[in-house]
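> Residue numbers (the numbering used here), protein chains in the order written: chain A, 1 to 456; chain B, 1001 to 1275.
These are computed hints drawn from the structure, not numbers from a lab.
Each residue gets a CB set at the ideal place from its N, CA and C atoms; glycine is no exception.
Be careful, since some hints might not be right.
Here are the computed lysine-lysine pairs in the DSS-like style, where the Cα-Cα straight-line distance is at most 25 Å [what the hints assert, rightly or not]: (1) A:K215 <-> A:K114; (2) B:K1162 <-> A:K370; (3) B:K1220 <-> B:K1129; (4) A:K363 <-> A:K412; (5) B:K1129 <-> B:K1162; (6) A:K134 <-> A:K205; (7) B:K1042 <-> A:K412; (8) A:K443 <-> B:K1042; (9) A:K205 <-> A:K215; (10) A:K178 <-> A:K133; (11) A:K74 <-> B:K1129; (12) A:K68 <-> B:K1129; (13) A:K147 <-> A:K160; (14) A:K443 <-> B:K1102; (15) B:K1172 <-> B:K1162; (16) A:K68 <-> A:K205; (17) A:K116 <-> A:K185; (18) A:K370 <-> A:K443; (19) A:K134 <-> A:K160; (20) B:K1129 <-> A:K205; (21) B:K1129 <-> A:K412; (22) B:K1042 <-> A:K304; (23) A:K185 <-> A:K161; (24) B:K1129 <-> A:K147; (25) A:K161 <-> A:K133; (26) A:K357 <-> A:K254; (27) A:K254 <-> A:K68; (28) B:K1042 <-> A:K298; (29) A:K161 <-> A:K205.
Covered stretches of chain A, as calculated for chain B (at least 3 residues, CB under 8 Å) [to be verified]: (30) 139-146; (31) 382-388.
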Amino acid sequence: MHSNLEKPDKKLGPSVVDVQLNQKQIKKKKLSERSAGYLLIFPSMLLILVVAIWPVLQSFYLSLFDLKLNDPTKSTVHLNYSFDLERYLNSAPFLISSIDQEIQSGHHVDELTKVKTQINQFDAVLQKDPDIKKSYQTVNDKLMDFKSISDDEALIPIDKKLSEQYQNMTHQVQQELKDVTKKAKLEQEDKISGLANGLNDALIKSNFVGLQHYKENLSSPRTWLAIWNTLFFTVVSVAFELVIGLAIALLINKAFFGRGLIRASILIPWAIPTAVSALMWKFLYDGQNGIVAYLFEKVGLVDKMSDLLTTNTGAMFSVIFTDVWKTTPYMALLLLAGLLTIPSSLYEAAAIDGANKWQQFIKITLPLLKSSLLVALLFRTLDAFRVFDLIFVLTGGGPANSTETISILAYKVMFSQTNFGNGSSLSVIVFVCVAIISIIYIKLLGADLIQDSNKK
Amino acid sequence: MHKKTGPLFYVFLFVFVFVVMFPFLWMLITSIKPLTELFGDKAFTPYTSHPTLENYVSVFTKHPFLHYQWNSLVVASITTIYTVFVASFAAYAIARLKFKGKTIILGTVLAVSMFPQIATISPIYMFLKNAGLTNSYLGLIIPYTTFSLPLSIWLLVSFFRKIPFDLEEAAKIDGASMWQTYWKVILPLAGPGIFTTSILVFIGAWNEFLFSLTINTADKFKTVPVGIAMFQGQYTIPWGEISAATVVVTVPLVILVLIFQRRIVSGLTSGSVKE
Chain A
1 MHSNLEKPDK KLGPSVVDVQ LNQKQIKKKK LSERSAGYLL IFPSMLLILV
51 VAIWPVLQSF YLSLFDLKLN DPTKSTVHLN YSFDLERYLN SAPFLISSID
101 QEIQSGHHVD ELTKVKTQIN QFDAVLQKDP DIKKSYQTVN DKLMDFKSIS
151 DDEALIPIDK KLSEQYQNMT HQVQQELKDV TKKAKLEQED KISGLANGLN
201 DALIKSNFVG LQHYKENLSS PRTWLAIWNT LFFTVVSVAF ELVIGLAIAL
251 LINKAFFGRG LIRASILIPW AIPTAVSALM WKFLYDGQNG IVAYLFEKVG
301 LVDKMSDLLT TNTGAMFSVI FTDVWKTTPY MALLLLAGLL TIPSSLYEAA
351 AIDGANKWQQ FIKITLPLLK SSLLVALLFR TLDAFRVFDL IFVLTGGGPA
401 NSTETISILA YKVMFSQTNF GNGSSLSVIV FVCVAIISII YIKLLGADLI
451 QDSNKK
Chain B
1001 MHKKTGPLFY VFLFVFVFVV MFPFLWMLIT SIKPLTELFG DKAFTPYTSH
1051 PTLENYVSVF TKHPFLHYQW NSLVVASITT IYTVFVASFA AYAIARLKFK
1101 GKTIILGTVL AVSMFPQIAT ISPIYMFLKN AGLTNSYLGL IIPYTTFSLP
1151 LSIWLLVSFF RKIPFDLEEA AKIDGASMWQ TYWKVILPLA GPGIFTTSIL
1201 VFIGAWNEFL FSLTINTADK FKTVPVGIAM FQGQYTIPWG EISAATVVVT
1251 VPLVILVLIF QRRIVSGLTS GSVKE
């Protein structure tokens, strides 16, 4: 081609211009294919970024804050100090007017006047800032008209100096009022001390706590018990699923009558919602009426029927047994698919060479099954590690937290204690563990999993 | 495929199927027992002489069970349709077009599909709460994207790759644009793969528990798994009703599985097996 190009001959071959044009077209086509590719994946990537990756990063961010949904001053992230004008204006003016009334009645005039000046002085300082003054007026007007005030209007950022000043002021006011009431009784004592305490709520401190949640969680025995439970559950149930699943896959890896029935019965436990199967097993394990508990007692597996769900080991056993029941068939299915890709000629050749069944299994089946095996193990390990619904419905994490996994613990901290900061730190711990497990498996698997098979 | 199948093998098969199906059979028996036979010695008899449909009636009359099923159907269907639609473009691009960064993209998709849901729940919950989307269908459809979209992309890529390249080339030579090739050649051939993906995504969304439990707490918006789990009261557990509800939930899924078992198996095993 190149020699042709060097000696262009319009009549015999393609001209340089033509070839260049052609190359340009190819280039353009490649370019359009590339941009089309990016265009087509864009919506999916954007969605994944927004609904999955961003929330994980956000979880980490939230875990650095003392976030409590039931506490209005901690229900959102506050990096800086802020001042709630609504709360302030609902306390300070009423406090002053109550104090005025006491002064007019002639109670402790000197001390009370001093307290009043302190509050007024701070108010003046607060209104010095033109921005604050503007918000101050709006909130005040709205309060007068009994209009509702949004958080954006009520909350103003303040600097550390002002917040310290405010803290000092409220502290002194409260102390002095206490001293006054010690000496003699005021007419509106309860109201005044209530309003004075109400001043505290106006200052919203930053709820940034850094890595404190992690420190607390990683030094709490409950977290370590949850991590241990999760690991124990994962390792034991996946090990049983692997061994039994492989045995079943090897046994049914042949042509026989009724394959369809087997396949359907394999799929049914997998297809049923985990919550439903957990509830079903809860009935079967029931200490009084559960048939499985009854049979286990008869066989001698447990001493008493009720041991299954009320003792620590019994509950863990029940949870693992249910998981093995639910997912072994699925494991067998994945491994069977792997077995079907091994050509039978290999076994025939090995048989001719005199290899027995065990040797065939070790030398042919296992090495060729390795990648299917690892993929199945990866999926199952991660599924088992993030187990939630099964345990939530079957035992609720009990008895005495003996089946509480880390996901269950995180859920409880977030939704029962409404402590989202601490709960987020636990969920980040789950995420990190899952990431580590994945990395280990992917190292073992190599790039096999995501390799572009088109390049073969 | 030349191994012999003796009678022992069929005994094994029977035992296997029996063990797998036993809980369902037992729930079926329990569901038609009258209340008095649910406790005491009668609780362990595998038959009843007084079959009754009482439990089924009370599942539908005492609990908004039909409503739970409707909620699950709406949420799972919309999730499936929209994620498979969006994913089909991405999967086509990854499987068919040449551009840089495909391995990274596919790796990201796989990694995201392994994300534990608990790791995303706090920000998603807070966002939905602030946006007023808790107790709504959209409040579940949005978080369900986290697992259904990566799953759809992953499965569709493996199905698209199986379509022979020659057909696409032929269409291109005939002057079809990329869009035409996609609509007229690839999509019809990928039909079965798209259908399989839809079944798996649908089952995944139908069975989801954690998001549904935390986001839709009002009875009006509960889905089936959460609805059934909440049947249990604080002190008593209505086992008769629960067993009837279990049967009602299981039967459609069993039918679905029996009809589409081949497709489901091909979906479950694609991506895990190298051809």
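> Now tell me if each hint is right for this structure.
These are the hints, each one checked on the structure:
1. A:K215 <-> A:K114: violated, 45 Å
2. B:K1162 <-> A:K370: holds, 23 Å
3. B:K1220 <-> B:K1129: With a Cα-Cα distance of about 17 Å, the restraint between B:K1220 and B:K1129 holds, given a limit of 25 Å.
4. A:K363 <-> A:K412: The given pair, whose Cα atoms are some 48 Å apart, is violated under the 25 Å limit.
5. B:K1129 <-> B:K1162: violated, 43 Å
6. A:K134 <-> A:K205: holds, 22 Å
7. B:K1042 <-> A:K412: This hinted pair is violated, its Cα atoms lying about 38 Å apart.
8. A:K443 <-> B:K1042: violated, 55 Å
9. A:K205 <-> A:K215: Between A:K205 and A:K215 the Cα gap is close to 21 Å, so the pair holds against 25 Å.
10. A:K178 <-> A:K133: Status violated; Cα separation ~31 Å.
11. A:K74 <-> B:K1129: holds, 16 Å
12. A:K68 <-> B:K1129: Distance of about 14 Å is within 25 Å: holds.
13. A:K147 <-> A:K160: violated, 30 Å
14. A:K443 <-> B:K1102: holds, 19 Å
15. B:K1172 <-> B:K1162: Holds, at about 18 Å.
16. A:K68 <-> A:K205: holds, 14 Å
17. A:K116 <-> A:K185: Holds: A:K116 and A:K185 sit about 18 Å apart, inside 25 Å.
18. A:K370 <-> A:K443: Distance ~13 Å between A:K370 and A:K443 Cα, so the pair holds.
19. A:K134 <-> A:K160: holds, 20 Å
20. B:K1129 <-> A:K205: Status holds; Cα separation ~23 Å.
21. B:K1129 <-> A:K412: At roughly 18 Å apart (the allowed maximum being 25 Å), A:K412 and B:K1129 satisfy the hint.
22. B:K1042 <-> A:K304: holds, 19 Å
23. A:K185 <-> A:K161: violated, 35 Å
24. B:K1129 <-> A:K147: Roughly 24 Å separates the two Cα atoms, so the pair holds.
25. A:K161 <-> A:K133: With Cα atoms ~17 Å apart, A:K161 and A:K133 stay inside 25 Å; holds.
26. A:K357 <-> A:K254: holds, 15 Å
27. A:K254 <-> A:K68: violated, 58 Å
28. B:K1042 <-> A:K298: Since the Cα atoms of B:K1042 and A:K298 sit roughly 16 Å apart, the hinted pair holds (cutoff 25 Å).
29. A:K161 <-> A:K205: Status holds; Cα separation ~13 Å.
30. 139-146: violated (count 0)
31. 382-388: holds (count 4)
Taken one by one, the earlier hints fail for this structure at numbers 1, 4, 5, 7, 8, 10, 13, 23, 27, 30, listed in ascending order.
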